[in-house]
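The opening residue of the sequence shown carries number 1 in the numbering used here; numbering runs sequentially from there.
Be a bit skeptical, because a hint or two may be false.
Listed below are the simulated SDA-like cross-link pairs for lysine to any residue, each with C-alpha atoms no more than 25 Å apart in a straight line [said to hold, decoys possible]:
{"hint": "1", "residue 1": "K55", "residue 2": "G65"}
{"hint": "2", "residue 1": "K27", "residue 2": "G65"}
{"hint": "3", "residue 1": "K23", "residue 2": "V98"}
{"hint": "4", "residue 1": "K55", "residue 2": "E97"}
{"hint": "5", "residue 1": "K55", "residue 2": "P71"}
{"hint": "6", "residue 1": "K16", "residue 2": "I93"}
{"hint": "7", "residue 1": "K16", "residue 2": "K84"}
{"hint": "8", "residue 1": "K27", "residue 2": "E62"}
It should be emphasised that the hints constitute simulated quantities derived from the structure, not laboratory data.
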Amino acid sequence: MGTNKTNEALNAFNSKIFYHGTKADLKHGDFIQPGFNSNYEAAIWGAELAQGEGKERIYLVEPSGPIEDDPNLTNKKFPGNLTKSYRSLHAFIVVGEV
């Protein structure tokens, strides 16, 4: 992860709410671990398109480590991160559900 982009994203974290869409039934304090393929969509679409038979859910999450712009949506396709999509090598922590 690039240092400047990581620092910019970390600074932005303090003033942003992060969302994660899924069909998984998660609880407050659960970790969403990295290492799975993203569908590169907004949280609501992610919830609708997520694999599984469960109800679509959107969670409020906090990063547990550095984050950066997701280049699959930002640097390559949408200069300036218009989609506000981020990624991390670290887990995100569930802090609530929408």
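Notebook entry, point to check: Broken hints, numbered, in rising order?
Noted result: Violated hints (numbers, rising): 1 and 5; every other hint is consistent with the structure.
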